[in-house]
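J.: What follows is the residue order along each chain.
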Amino acid sequence: MTQPFAPHGEITVSTRGQGLYEITSDVAARLPKRDGVLTLFVRHTSCSLLIQENADPDVQRDLLAWLQRFVPPATDPSFTYLRHTLEGPDDMPAHIKASVLPVSLSIPVLRGRMTLGTWQGIYLFEHRDAPHFRRIAAQFVSSTAD
Amino acid sequence: MTQPFAPHGEITVSTRGQGLYEITSDVAARLPKRDGVLTLFVRHTSCSLLIQENADPDVQRDLLAWLQRFVPPATDPSFTYLRHTLEGPDDMPAHIKASVLPVSLSIPVLRGRMTLGTWQGIYLFEHRDAPHFRRIAAQFVSSTAD
Amino acid sequence: MTQPFAPHGEITVSTRGQGLYEITSDVAARLPKRDGVLTLFVRHTSCSLLIQENADPDVQRDLLAWLQRFVPPATDPSFTYLRHTLEGPDDMPAHIKASVLPVSLSIPVLRGRMTLGTWQGIYLFEHRDAPHFRRIAAQFVSSTAD
Numbered sequence: 001m002t003q004p005f006a007p008h009g010e011i012t013v014s015t016r017g018q019g020l021y022e023i024t025s026d027v028a029a030r031l032p033k034r035d036g037v038l039t040l041f042v043r044h045t046s047c048s049l050l051i052q053e054n055a056d057p058d059v060q061r062d063l064l065a066w067l068q069r070f071v072p073p074a075t076d077p078s079f080t081y082l083r084h085t086l087e088g089p090d091d092m093p094a095h096i097k098a099s100v101l102p103v104s105l106s107i108p109v110l111r112g113r114m115t116l117g118t119w120q121g122i123y124l125f126e127h128r129d130a131p132h133f134r135r136i137a138a139q140f141v142s143s144t145a146d
Numbered sequence: 001m002t003q004p005f006a007p008h009g010e011i012t013v014s015t016r017g018q019g020l021y022e023i024t025s026d027v028a029a030r031l032p033k034r035d036g037v038l039t040l041f042v043r044h045t046s047c048s049l050l051i052q053e054n055a056d057p058d059v060q061r062d063l064l065a066w067l068q069r070f071v072p073p074a075t076d077p078s079f080t081y082l083r084h085t086l087e088g089p090d091d092m093p094a095h096i097k098a099s100v101l102p103v104s105l106s107i108p109v110l111r112g113r114m115t116l117g118t119w120q121g122i123y124l125f126e127h128r129d130a131p132h133f134r135r136i137a138a139q140f141v142s143s144t145a146d
Numbered sequence: 001m002t003q004p005f006a007p008h009g010e011i012t013v014s015t016r017g018q019g020l021y022e023i024t025s026d027v028a029a030r031l032p033k034r035d036g037v038l039t040l041f042v043r044h045t046s047c048s049l050l051i052q053e054n055a056d057p058d059v060q061r062d063l064l065a066w067l068q069r070f071v072p073p074a075t076d077p078s079f080t081y082l083r084h085t086l087e088g089p090d091d092m093p094a095h096i097k098a099s100v101l102p103v104s105l106s107i108p109v110l111r112g113r114m115t116l117g118t119w120q121g122i123y124l125f126e127h128r129d130a131p132h133f134r135r136i137a138a139q140f141v142s143s144t145a146d
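Sequence order for the protein chains is A, B and C. End of the first sequence sits at 146 in the working numbering; the numbers just go up one at a time, nothing left out. End of the second sequence sits at 146 in the working numbering; the numbers just go up one at a time, nothing left out. End of the third sequence sits at 146 in the working numbering; the numbers just go up one at a time, nothing left out.
This is chain A alone, in the form it adopts within the complex (with noise of 0.2 Å):
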């Protein structure tokens, strides 16, 4: 995990349930010392990115709380037109949810360290129950001649 971005690499998480990764040290730690843009990209269609408050840790409970409410699981009433079930309850959720938050982010980079605001921190968004391994590619374009 502590080879830099040269100018790819690869973030990897082990998920434990639905909820927010935190894994901006993670990032942070990879970046070539120079000005560009760091492009994260997460490589599955039932998670996602996600830039949020890494401060009070009930912003990232009570977003999980509103989105579970938002898309509930499949066998909520409201969903009996759903016809892709097989893979559980959670996984065309998992999908919707996929679709409405971030696959991709752009983040600037400054002499190797990127321009999140104080309260910004970058999260994979695991929408599955079960255990995953999500793999998230990482591309470092420098802006300036070397």
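Hints were generated in silico from the structure; no laboratory data involved. Certain hints may be false.
Treat identical chains as interchangeable: a pair holds within one or across any two.
Derived lysine to any residue pairs resembling SDA-like cross-links, with alpha carbons at most 20 Å apart [to be verified]:
1. 33 with 12
2. 33 with 112
3. 33 with 114
4. 33 with 6
5. 33 with 144
6. 33 with 54
7. 33 with 8
8. 33 with 132
9. 33 with 115
10. 33 with 133
11. 33 with 19
12. 33 with 9
13. 33 with 88
14. 33 with 17
Position chains B and C relative to chain A; hints supplied.
T.: For chains B and C alone, kept in the frame of chain A given last:
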């Protein structure tokens, strides 16, 4: 459609009503054989880009069914407050959908191949009922010296 | 506000409550006369970036009206489960809105002009009620040798 992005290009899609139109192979065929990041940007405010599962077509069907319930036509009783209704009952809902789903995607590219996951396809998501001609700007930025 | 991104810069917006604040011309005026990709990244977790129609102001009005109903204030009866409520009834809903709408945008640039469609404008979407000073990081990455 077969000329490489060098580094700019355009993908066009003729749509026939609301739904997902896959463009993965059109995009893949035009990538230069280099490392970098591909940016896709849809030049409209009533359709979207989306990366979602391209294995079971029921996922796309369920996603469209969900989106049509999430943001119903302007004739829905819940929408009495809308003012932008002159362009038809599908127009303002299309703007809302286009605000919630992606207008741009950033995809890492390694030796000319996108780092898509096994089940990920790239789609133009049309939110209007009538046929439309949609234009997607594509720009490749190299992450290595040539 | 008139110095070019070279290649980094910042757009700032002083907001006066919830709504859309157009920044298209501020951004356009600062692009270098080259080909590349512009990344915009908002350094906050309670406002968003958005590309939407800038022709009929009713589109922006309707979009705000819809968003305020989609994610109502924390005092709404549907929100009894929220815990992050100390910063006011508009704060946790602002975090939710900022999760669903874009934090970053990637826009292709040709000879110094963004490839925006005819009706596309770029907005800072403020989700808080009180005035805020918002910072958007901008980074231009060239796709051609100079």
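J.: Cα distance capped at 20 Å. Does residue 33 pair with residue 19 within a copy, between copies, both, or neither?
T.: Classified as neither; 32 Å inside a copy, 37 Å across copies.
J.: What label fits residue 33 with residue 12 when the C-alpha limit is 20 Å: within, between, both, or neither?
T.: Answer is neither: 22 Å inside a copy and 26 Å across each miss the 20 Å cutoff.
J.: Can you tell me if residue 33 and residue 88 fall within 20 Å by alpha carbon in one copy, between copies, both or neither?
T.: neither (44 Å within a copy, 39 Å between copies)
J.: Is it within, between, both, or neither for residue 33 and residue 132, if the alpha carbons may be no more than 20 Å apart?
T.: neither (32 Å within a copy, 32 Å between copies)
J.: How do residue 33 and residue 144 come out at 20 Å by Cα distance, when the copy is not named: within, between, both, or neither?
T.: Both: 12 Å inside a chain and 16 Å across chains, each within 20 Å.
J.: Should residue 33 paired with residue 54 be assigned to within, between, both, or neither, using CA atoms and 20 Å as the limit?
T.: Result: close neither inside a copy nor across copies, 24 Å intra and 38 Å inter.
J.: Can you give me the call for residue 33 and residue 115, within, between, both or neither, at a CA distance of at most 20 Å?
T.: Answer is within: at 13 Å inside a copy they meet the 20 Å cutoff, but 24 Å across does not.
J.: Regarding residue 33 and residue 114, is the shortest C-alpha distance of 20 Å or less found within a copy, between copies, in both, or in neither?
T.: within (11 Å within a copy, 25 Å between copies)
J.: Given identical chains, is residue 33 near residue 133, meaning Cα to Cα at most 20 Å, within a copy, between copies, both, or neither?
T.: Neither. Shortest intra-copy (29 Å) and inter-copy (29 Å) distances fail the 20 Å Cα cut-off.
J.: At most 20 Å between C-alpha atoms: does residue 33 with residue 8 qualify within a copy, between copies, both, or neither?
T.: So residue 33 and residue 8 pass the 20 Å test inside a copy (14 Å) and across (15 Å) alike.
J.: Is it within a copy, between copies, both, or neither that the alpha carbon of residue 33 lies no farther than 20 Å from that of residue 112?
T.: Within one copy, since 4 Å is at most 20 Å while 26 Å is not.
J.: First find the shortest C-alpha distance between residue 33 and residue 9 inside one copy, then the shortest across copies, and answer within, between, both or neither for a cut-off of 20 Å.
T.: both (15 Å within a copy, 18 Å between copies)
Hints 1, 6, 8, 10, 11, 13, 14, counting from the list given before, are not met by this structure.
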